[in-house]
Structures are given as C-alpha cells and as structure tokens.
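Asks: Sequence:
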Amino acid sequence: FGIMKAKWQILYSCISCSPKNSELIVKALVCLHNFMMISGRAEYCPPGLTDTEQNNGEIQRGTWRDSQTIFHRLGRVGANRSTRIAYDMRNYLMQYFVS
Numbered sequence: 001f002g003i004m005k006a007k008w009q010i011l012y013s014c015i016s017c018s019p020k021n022s023e024l025i026v027k028a029l030v031c032l033h034n035f036m037m038i039s040g041r042a043e044y045c046p047p048g049l050t051d052t053e054q055n056n057g058e059i060q061r062g063t064w065r066d067s068q069t070i071f072h073r074l075g076r077v078g079a080n081r082s083t084r085i086a087y088d089m090r091n092y093l094m095q096y097f098v099s
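If you're matching positions, the sequence shown starts at 1 in UniProt numbering and goes up one per residue.
Honestly, the hints are just simulated from the structure, not real lab data.
The model shown is predicted, which means the values in this text are computed figures rather than measured ones.
Heads up, a few of these hints could be off.
[As the list claims (entries may be wrong)] Below, computed lysine-lysine pairings styled on DSS-like, alpha-carbon distance capped at 30 Å:
# : residue 1 : residue 2
1 : Lys27     : Lys7
2 : Lys20     : Lys7
3 : Lys20     : Lys5
4 : Lys27     : Lys5
[What the hints assert, rightly or not] FRET-style restraints, in silico, Cβ to Cβ:
# : residue 1 : residue 2 : range
5 : Ser99     : Ala42     : 34 to 42 Å
6 : Tyr44     : Gln95     : 29 to 37 Å
7 : Gly57     : Ser13     : 16 to 24 Å
8 : Pro46     : Tyr96     : 15 to 23 Å
Cβ coordinates follow ideal geometry from the N, Cα and C atoms, glycine included.
Assemble the whole structure, with the sequences as input and the hints as a guide.
Replies: Written out as structure tokens, the structure reads:
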C-alpha cells in the first residue's frame with residue numbers, strides 16, 4: 001500500500017466521501033496500480049522505489065518511504081467523542097474487512 005500511497009495523491013489524507021464511494025475509489029486505484037506494475041512501466045515504479053533484499057539478507061529501504069505525508073501527530077483534541085457518522089464508518093469498515 002505504501003507504493004500506491006506514494007503515487008496517488010488522493011491517498012495522502014482521508015478520502016472524504018461516502019464509504020461506498022471510498023471503496024470504489026480504492027478498488028479502482030488497486031486495479032490501476034496492478035496494471036502499471038504488470039505493464040513494466042519504469043516511470044511508475046523506477047528502480048530503487050521498492051524495498052529490496054541484499055545478498056547478505058539486509059533490507060535496503062525504497063525511496064517510496066521518503067514520500068511526504070500530510071499526517072501530523074496531533075495529540076488530544078477535544079473530548080474524544082466521535083460523531084455518529086464516524087461510528088457508522090468504523091462499523092462499516094469493520095464489517096467489510098471481517099467478511
């Protein structure tokens with residue numbers, strides 16, 4: 001997922017749409033990502049982007065890990081009470097990933 005996130009800007013933050021649309025967006029991105037990886041496009045996944053294992057077993061970190069993210073540590077904000085929409089989203093995702 002890290003390589004996809006590094007390539008598709010929509011994954012830099014929360015996808016602000018309905019759970020169904022979020023699911024469709026992620027599925028479309030997975031299809032596009034897999035197509036680009038299979039088609040052998042060096043522009044999409046240049047050498048050094050992915051993690052590689054050296055002959056001695058050491059893992060060389062890929063450059064995808066250096067991509068900037070807009071997530072910042074926030075600490076405690078507010079009363080830590082989620083809205084009804086947040087609870088519904090959590091439950092929807094829980095059911096999706098459990099099934």
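Asks: So which of those numbered hints doesn't the model satisfy?
Replies: 7, 8
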